[in-house]
Structure formats: structure tokens, C-alpha cells
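Colleague: Residue numbers (my numbering), protein chains in the order written: chain D, 1 to 273; chain S, 1 to 335; chain Y, 1 to 281.
Accuracy of the hints is not assured; some may be wrong.
[Said to hold, decoys possible] No more than 25 angstroms apart at the CA atoms, straight line, and that leaves these computed lysine to aspartate or glutamate pairs for DMTMM-like:
hint	chain 1	residue 1	chain 2	residue 2
1	S	K179	D	E236
2	S	K327	D	D94
3	S	K58	Y	E107
4	Y	K200	D	D94
[Said to hold, decoys possible] Stretches of chain D that chain Y covers, calculated by requiring three or more beta carbons in the stretch to come under 8 angstroms of a beta carbon on chain Y:
hint	region
5	36-46
6	52-61
7	69-80
8	128-141
9	231-240
10	252-258
[Said to hold, decoys possible] Estimated spans, in silico, between C-beta atoms of each pair:
hint	chain 1	residue 1	chain 2	residue 2	range
11	D	G65	Y	G98	26 to 36 angstroms
12	Y	V130	S	G127	55 to 65 angstroms
13	Y	S35	D	R58	44 to 54 angstroms
14	D	R58	S	E38	23 to 33 angstroms
15	D	F10	Y	E48	55 to 65 angstroms
Note that these hints are calculated values from the structure, not bench results. The C-beta atom is built at its ideal place from N, Cα and C for all residues, glycine as well.
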Amino acid sequence: MSRPRVIPGFGLSLGTTVVFLALATLLPLGALVLKSAGLTWAEFWGYISDSRALAAYRVTLLAAGAATFLNLVLGVLTAWILVRYEFPGRRLLDAAIDLPFALPTAVAGIALATLTVPAGPVGALFAGFGIKIAYAFPGIVLAMTFTSLPFVVRTVQPVLADLEPALEEAAASLGAGPFTTFRRVILPELRPAIIAGGTLALVRSLGEFGAVVFIAGNLPFQTEIAALLIYIRMDEFDYVGAAALATAILAFALTLLVAMNLWQGRLYRRLHG
Amino acid sequence: MKRFPLLLSILGLAATVASAQTEILNASYDISRELFAEVNAAFIPAYKASGGGELTIKQSHGGSSRQARAILEGLKADVVTFNQVNDVQLLADNKFVAKDWAARFPHGSSPYFSVHSILVRKGNPKGIKDWADLAKAGVTIVQVNPKTGGNGRYAVLAYYAAGLQAFNNDAAQARALTKKILANVVVFESGGRTATSTFTEREIGDVLVTFEAETLALASAPGSAYQVITPSVSVLAEFPVAVVEKVAAKRGTAAVAKAYLDFLYTPQGQEIVAKNHYRPRDAGVAARYAAKLTPVKTVEVDAFFGGWEKVTKQFFDNGALVDTLLKEVAAERIN
Amino acid sequence: MSARVSETTRAGLRGHPGRIALVLTGAGAVGLLISLPLGAVFYYALREGWAAYFGYLLAPDTRHAIGLSLLAAGVALPVNTVFGLCAAWALAKFTFPGRRLLISLIELPLSISPIIIGVGYLFVFGLQGVLGPWLDDHGISMAFNVTSVVIVTTIVTSPYVFRELLPLMLAQGTQEEQAAVSLGAGAWKTFFRVTLPNVKWALFYGLTLSFARSLGEFGSVAVVSGAVRGETNTLTLQIDLLYHDQVQTAAFAVASVLTSFALVTLLIKTWVERRESVDSP
Chain D
1 MSRPRVIPGF GLSLGTTVVF LALATLLPLG ALVLKSAGLT WAEFWGYISD SRALAAYRVT
61 LLAAGAATFL NLVLGVLTAW ILVRYEFPGR RLLDAAIDLP FALPTAVAGI ALATLTVPAG
121 PVGALFAGFG IKIAYAFPGI VLAMTFTSLP FVVRTVQPVL ADLEPALEEA AASLGAGPFT
181 TFRRVILPEL RPAIIAGGTL ALVRSLGEFG AVVFIAGNLP FQTEIAALLI YIRMDEFDYV
241 GAAALATAIL AFALTLLVAM NLWQGRLYRR LHG
Chain S
1 MKRFPLLLSI LGLAATVASA QTEILNASYD ISRELFAEVN AAFIPAYKAS GGGELTIKQS
61 HGGSSRQARA ILEGLKADVV TFNQVNDVQL LADNKFVAKD WAARFPHGSS PYFSVHSILV
121 RKGNPKGIKD WADLAKAGVT IVQVNPKTGG NGRYAVLAYY AAGLQAFNND AAQARALTKK
181 ILANVVVFES GGRTATSTFT EREIGDVLVT FEAETLALAS APGSAYQVIT PSVSVLAEFP
241 VAVVEKVAAK RGTAAVAKAY LDFLYTPQGQ EIVAKNHYRP RDAGVAARYA AKLTPVKTVE
301 VDAFFGGWEK VTKQFFDNGA LVDTLLKEVA AERIN
Chain Y
1 MSARVSETTR AGLRGHPGRI ALVLTGAGAV GLLISLPLGA VFYYALREGW AAYFGYLLAP
61 DTRHAIGLSL LAAGVALPVN TVFGLCAAWA LAKFTFPGRR LLISLIELPL SISPIIIGVG
121 YLFVFGLQGV LGPWLDDHGI SMAFNVTSVV IVTTIVTSPY VFRELLPLML AQGTQEEQAA
181 VSLGAGAWKT FFRVTLPNVK WALFYGLTLS FARSLGEFGS VAVVSGAVRG ETNTLTLQID
241 LLYHDQVQTA AFAVASVLTS FALVTLLIKT WVERRESVDS P
């Protein structure tokens with residue numbers, strides 16, 4: 001991995017990167033942390049563990065967890081059919097997977113909300129069974145599932161494509177059924193990609209705001225997500241409270257990400273020597 | 001600024017370009033969009049006719065607490081037209097607005113007022129007659145989040161006042177009624193207009209609780225699918241206005257800002273106010289709209305609840321009554 | 001996030017009910033999840049006819065919002081390009097301690113709620129913030145105006161060019177650059193003649209994605225804008241405003257502009273990936 005530094009431009013490029021990063025990301029985030037740094041631990045803990053905040057974390061984590069689970073199932077299945085089978089509309093489906101990345105989340109939010117309110121076409125269908133989507137928990141899960149849909153598909157797809165068909169053929173010739181082959185042979189190979197994609201999807205869902213606010217109903221203790229609570233704390237002029245909440249969530253997201261990046265690095269080295 | 005001559009000259013240039021056409025920004029609460037569109041359309045020619053020159057009025061709408069905060073953070077609004085006194089007071093406490101702002105214009109600087117009322121779907125399928133009916137099982141309510149908008153706060157105060165009135169000032173019973181009603185809220189929206197569109201466009205809820213100005217506008221539209229229920233008691237909602245002196249002084253707009261707010265008190269301004277279903281201060285205008293804006297028994301925040309400061313502590317602060325009630329509601333729902 | 005899948009032979013479905021079931025389930029679920037909102041945007045946008053549609057788009061406040069969003073995206077784009085190229089160069093061509101942490105930090109805006117970035121920005125540049133009061137004393141206002149909208153848009157979309165470039169530049173290694181340098185090419189020449197041509201398609205896609213995301217940024221802008229109509233309202237804030245103002249058709253008309261842009265982005269991505277597989281056999 002170590003490369004001789006004959007290539008020019010290290011100082012310039014790294015310098016620009018670090019300066020930009022410092023101004024653009026670290027300055028505002030630093031100000032946030034600074035704002036909550038004035039607090040004692042007890043006060044900070046008070047802010048981030050008050051019952052409404054706890055309820056908001058719970059809603060956010062549960063919904064993001066459910067969305068990630070759906071994404072894992074749907075993502076692996078989609079990656080599988082895209083890589084393994086030829087069917088009409090395959091290329092279209094492949095291209096369409098990335099739509100949630102390119103589509104502004106606010107647009108996704110109003111479209112999903114309009115579809116799933118009881119008076120909307122999809123909402124009416126479910127209302128017949130007494131199921132509420134918009135302005136209830138399932139709406140949050142739906143919005144998060146939509147906005148993080150591409151992650152698992154796009155991490156699993158290339159790994160699946162590189163998998164040796166011989167492996168499966170061997171398993172099949174040894175008498176393993178297709179399900180056993182998938183569970184015992186293919187899934188272990190996919191596991192790193194699935195976990196990486198799942199983490200990305202989870203982190204994205206935890207931070208999703210635009211799509212969720214339009215569909216959530218925003219009932220404190222029930223359908224209020226953590227990002228919205230920060231927004232509300234700002235509106236209440238409770239800056240320190242907002243900063244404390246934001247710092248806590250920031251630390252959580254950063255921990256998840258750094259852990260995944262370190263772990264991916266190890267994976268990368270394992271795969272590529 | 002003397003240390004930055006170049007910057008100064010650029011700003012000076014910008015200022016001369018700007019002064020050819022005066023511009024003011026009115027930061028207002030959420031549902032005043034139509035009201036001020038009409039007020040602005042009337043004031044601009046009136047201002048020009050009085051020798052004031054070309055004027056552009058920009059609007060910003062949102063929950064009035066959010067607007068107050070935005071101004072403290074740097075939103076350059078010349079005037080505020082809010083729906084809650086303590087949001088202007090916050091600006092006064094931070095020296096953006098004159099300390100004696102309430103005395104700067106007549107009627108405590110509140111050119112019009114309103115009350116909270118109930119909007120139901122046509123035919124009133126749930127048989128709602130008064131606040132107490134909102135506590136019935138199976139009634140679903142849409143209202144503004146009391147933590148972020150004056151609109152939502154007046155609603156909660158109205159529930160509580162209704163409880164006190166019904167149960168001979170028994171605070172425990174008033175609390176119980178408020179809790180039951182809050183338990184029936186299905187959406188807390190961030191602003192008044194958002195709540196309206198959730199009720200009308202998304203067809204959520206049996207009941208919309210908001211200012212009478214909004215419910216009357218919706219019910220009186222041709223072919224309206226809604227009707228207004230006027231409750232037996234409501235909380236008097238004043239709509240305070242003020243010049244944001246700190247901004248206006250810097251931008252040289254103090255005079256036009258004052259003229260703009262004065263205009264709201266003129267018969268022409270009061271007529272527009274009443275046409276938009278707010279209750280005017282002008283007796284003559286009020287008389288003409290008496291059939292529409294029927295008398296309601298109201299209680300005042302100052303006299304009845306002891307002022308906004310006390311109300312905020314008791315009801316709306318972190319961990320105060322609203323939080324406690326919502327927490328109890330959520331806990332009961334989960335178990 | 002692009003999957004550079006090598007073309008393997010794919011199995012047909014004929015005579016395999018199990019495969020058909022898998023394809024129907026997967027393609028059906030994902031297809032519905034994507035096409036329903038997409039269809040809804042255009043259906044609701046056009047339900048009052050084309051005349052009304054263009055009427056909504058040409059309303060003065062909406063036109064201004066389009067202009068402001070284009071301005072924000074137009075500023076964000078070159079800044080993020082320079083940043084993305086620098087960062088990808090430093091991180092792909094060199095190893096140094098803290099490299100992984102740096103990648104995490106660069107990609108942070110993708111993972112945290114844009115609300116947090118907006119709030120952090122106000123803590124620095126708002127009148128109650130760290131630098132805001134000093135700037136205000138010197139006549140510079142950086143909160144609740146066009147400047148703040150443009151800056152937070154740039155911050156939130158800063159990782160997009162970078163993350164398209166990094167995997168490709170890592171995969172390409174440094175041999176070509178080393179060869180160029182050993183042949184006496186200068187730094188800039190190496191960059192413009194060797195590196196840039198190798199990544200031009202990924203860069204192009206990164207640019208489009210960055211542009212589409214800046215046009216569509218919502219959460220952070222909502223925090224710092226002040227929502228002054230015809231002044232600091234971006235396209236997404238205009239959608240928010242119209243959506244809640246009982247002019248849903250107008251909201252969806254504006255949304256359809258952004259959606260069309262997203263579709264163009266996908267087209268470009270598909271095209272770029274095809275070019276890449278042609279360029280690197």
C-alpha cells in the first residue's frame with residue numbers, strides 16, 4: 001500500500017482539502033460542540049436524556065432500523081436479480097435504483113405523503129385494512145426506506161457479480177438445494193458488503209429530515225424524529241438544548257462511520273492483499 | 001466600519017441602488033399570507049400617493065416564535081406582525097424592538113384581534129359543539145405545535161380555560177380535560193397554514209383548531225366542505241405589531257415601517273383586516289362585520305392566566321404542563 | 001455510489017417459476033417504491049393542464065426561487081469540484097496517517113442530518129453566534145440571506161464529487177502518474193494530461209449529482225434561510241410553502257422541475273457507466 005512520494009502535489013492538495021474541510025464542516029460542527037461544551041456533564045446529560053429526546057431517539061432508531069431491515073432484504077434481492085437474471089426492464093430497473101439519491105428529499109416527502117394519506121390512492125388501499133401510513137410510524141419507515149434504497153443494492157451488486165459461479169456449481173453438485181447454497185455459500189461472501197451497505201443505509205436513515213417531516217405527523221413522544229426535535233429546540237430558543245442534542249447525534253453518526261471505515265479498510269486489505 | 005473603506009464604498013453603492021426603491025420586510029406569522037398580500041397591495045399606492053415614493057414589501061411567514069428567533073439571528077425584518085405578545089417581547093428584551101413597544105401604537109400595539117375556534121367537516125359528523133366535545137373518544141384533532149407557534153398555544157389555553165369554566169375553576173379537572181383533548185391530537189403541525197392544509201388537502205382529522213380568521217375563511221369559501229363551531233369560551237388572541245428598530249435604523253426604513261403599521265389602524269386597513277376575518281378595533285368597521293364576527297365570550301391571557309411569562313412557565317417550557325401531559329398520553333398509549 | 005458491474009452471463013427466466021417469482025417480487029417492490037412517487041409528482045403537477053402548469057412555474061416567486069437555487073448550485077459546483085479533485089488526489093495517490101479519519105470527515109455531511117449543519121452554521125455566523133456579531137458590526141450579514149443559503153448548500157453537497165472520484169482513483173493507482181513524472185512532466189501537466197482524462201466520466205457524473213443535490217437541498221437551507229418570498233426562498237422551500245398553502249398542484253409543478261433534473265442525472269450516470277466500460281476494456 002505504501003507509495004513512494006514521487007508524485008507531486010501532496011502538500012497543495014492535502015492543504016486545500018484540510019483548509020476547506022476546516023472552514024466548511026469543522027467550523028460549524030465545532031461551534032456546535034463548543035456551545036454544548038459550556039455545560040457540565042450533568043447538564044449535558046440532562047439535555048440529551050430528557051424524556052422527549054429519549055422518545056425521539058427511540059422513534060428515529062426504530063424507524064431507521066426497520067427501514068434498514070427492509071433495505072437489506074429488498075437490496076440483496078434486487079442486487080441478485082439484477083446480476084443473475086435477464087428479464088425485460090432489467091436495465092431500466094438498474095438505472096432507476098439511484099433515483100432516491102438524485103431526487104431531492106423534500107420532493108420525495110411530498111410525493112410519498114400525498115400518496116399515502118388516507119385520501120390518497122395508496123393510503124386509501126391500506127385504510128381499508130385499518131392501516132395508517134402517513135402521519136404514523138409506517139410513514140417514517142417508508143420515507144427512510146425510499147431515501148436509503150440504493151445503498152445496499154449498490155454495495156452488494158459488484159461483489160455478487162465478481163462471485164465465482166464455480167463455487168455454486170460445486171455446492172449444487174454436492175446436492176445442496178438452492179436455498180442452502182445461498183445461505184451457506186453465497187451469503188458468507190456477501191456479508192461484508194451487506195454490512196457496509198446496511199451501515200450506510202442506517203446512518204442515512206438516522207439523519208433523514210426532508211422526506212420524513214412531510215410524512216411523520218410530528219407528534220411528540222410518538223412520531224417526532226431526533227432531527228426535528230433539534231429544529232424545534234431552536235424554535236424554542238433553547239440553543240444549548242439544540243446544541244447538546246446535535247452533538248450527541250453527531251457523535252453517534254461519526255462513531256458508526258469511523259468504525260465502518262476502519263473495518264472496511266481491514267476488509268479491503270483482506271480482499272486485495 | 002471606518003476601517004473598511006472599500007467595503008464601505010461597495011455597501012454605499014448598494015445602498016444608493018436600494019434607496020431608489022425602498023424595500024421593507026414584514027416578518028409575520030404563518031396564516032397571515034392573504035391578509036398581508038392584500039394590505040401590501042393597498043399600502044403601496046397609498047404610500048406613493050402621500051409622496052413616499054416607490055416601495056416594495058417583502059413577506060416572510062412562519063410560526064411567530066420561529067420568526068422572532070430568525071430576527072435575533074440576523075433576519076433583516078423591518079417590521080414584525082406577530083400573533084403572540086411574548087414573541088415581540090423577546091425582541092424587546094434583546095433590544096431589537098423598543099422597550100415600550102406596546103405603547104407605540106394604539107390598543108397595546110395590536111391593530112386587530114381574533115379568537116380560537118373549531119372547524120369541522122360539513123354536517124359535523126362527530127357532533128362537536130364545544131371544546132369539551134374534543135375530548136370524546138374517537139375524535140381526531142389537527143392543531144399547531146404549542147411549542148413552536150402562538151396558534152398552538154392559544155389552542156391549549158382555550159382547552160384549559162374551557163375546563164376551568166366547566167368545572168368551577170378546578171385545576172385538576174381542567175388539566176384532565178386538556179390531557180384528554182391533547183390525546184386526540186393526531187398531528188402537531190409547525191405552522192398554522194401547515195395545519196390547515198393537513199386538515200383540508202390531506203383530509204386528516206375530524207377537527208381543526210386554529211384562529212377564527214382561518215376557520216371563517218375556509219368555511220365561507222364557495223362550495224366549502226367545512227363549517228365553523230364557535231365555542232362557548234375562547235382566549236382573546238392579540239396580534240401585536242412593532243417596528244424592528246435595530247434593523248430599520250440601519251436600513252433607514254424607520255419612517256416607512258411606522259407608516260406601514262399605522263396603515264393597519266386606518267379605516268381602509270381595518271376594512272381589509274375584517275374582510276380577512278380578523279376582528280377589527282375600529283367600531284364602525286366592526287359594526288359592519290358584526291353578523292360574521294359574532295360575539296364570543298373571551299378570557300385574556302393577562303387577566304385570566306396572569307400574563308405570558310407565567311403561562312410559558314406553567315404550560316409551555318421544557319418539562320412544563322404540555323410536555324407532562326403529552327408524556328403521560330404517550331405512556332398510556334404504549335402500555 | 002456506482003456499481004461497476006462486469007457483464008456476466010445472465011440466466012433466462014423461461015421455465016423457472018422460482019426465478020420468475022424472485023424477479024417479480026424484487027422488481028415489483030422496488031419498481032413500485034420508485035415509480036409511484038415519480039408518477040405522483042408528474043400526475044399532480046399536470047392535473048390542471050399544461051397552461052396551469054406553466055402558469056405556476058412562471059409565477060414571480062417561483063421564478064425567483066429557480067434563480068436562487070441555480071445560483072446556489074452554480075456556486076457550489078465549482079467549489080466542490082476543486083475540493084473534490086484536491087481531496088481525491090491527496091487521498092488516492094498518497095498514504096499518510098489519519099487518512100481514514102479524513103475520509104470519514106469529508107463524507108460527514110452525507111451522513112448527518114442537514115439540520116445539524118444548518119444549526120452549526122448559525123452558531124458561527126448568526127447574530128447570536130461566534131463570528132456573527134463581529135461581522136454585523138462591520139456591515140456583513142451572513143445569516144438569513146442569500147449568502148447563508150449559498151454557503152450551506154455548498155457545505156452539504158461538498159462530498160459528492162469527491163466520493164465519485166475516490167474509488168476510481170484508488171482503483172487506477174499511481175503508475176501512470178509515476179511514469180509521466182519520470183518522463184519529466186510537471187505537476188499540472190501530469191494532472192491535466194494523465195489523471196483528469198482517466199477520471200473525466202466519473203467527474204462528470206459527480207458534477208451532475210452534486211448539481212442535482214444542491215438544487216434539492218432542503219433541511220439545512222430551511223434552518224438558515226428565513227424564507228423571505230422572492231428573496232431567500234429556494235426551490236425546495238418554495239415547494240414547502242406551496243404545498244402547505246393549498247396550491248398543491250403548484251407545489252408538484254415546482255417539484256417536477258427538480259424531478260426532471262434527477263432523471264437527467266440518472267440518464268447521465270447510465271451513459272457515463274457505459275462510456276467507462278468502453279474506455280477501460
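Colleague: Now, for every hint given, state plainly whether the structure supports it.
Modeller: These are the hints, each one checked on the structure:
1. S/K179 x D/E236: Within the cut-off at roughly 22 angstroms; holds.
2. S/K327 x D/D94: violated, 45 angstroms
3. S/K58 x Y/E107: Cα-Cα ~37 angstroms, so violated.
4. Y/K200 x D/D94: Distance of about 22 angstroms is within 25 angstroms: holds.
5. 36-46: It is violated: at least three residues are needed, and the region 36-46 of chain D offers just 0 whose Cβ sits closer than 8 angstroms to chain Y.
6. 52-61: As far as the region 52-61 of chain D goes, the hint is violated, because 0 residues have Cβ atoms under 8 angstroms from chain Y.
7. 69-80: Answer holds; 4 residues pass the 8 angstroms Cβ test.
8. 128-141: Coverage by chain Y is violated here, the residue count being 0 at a Cβ distance below 8 angstroms.
9. 231-240: This one holds; 3 residues, not fewer than the three required, reach chain Y with a Cβ under 8 angstroms.
10. 252-258: Holds: 5 residues of the region 252-258 of chain D have a Cβ under 8 angstroms from chain Y.
11. D/G65 x Y/G98: 26 to 36 angstroms: holds, 31 angstroms
12. Y/V130 x S/G127: 55 to 65 angstroms: holds, 56 angstroms
13. Y/S35 x D/R58: 44 to 54 angstroms: violated, 32 angstroms
14. D/R58 x S/E38: 23 to 33 angstroms: With Cβ atoms ~45 angstroms apart, the hint is violated.
15. D/F10 x Y/E48: 55 to 65 angstroms: With a Cβ separation near 58 angstroms, D/F10 and Y/E48 satisfy 55 to 65 angstroms, so the hint holds.
Violated hints for the displayed structure, listed by number in ascending order: 2, 3, 5, 6, 8, 13 and 14.
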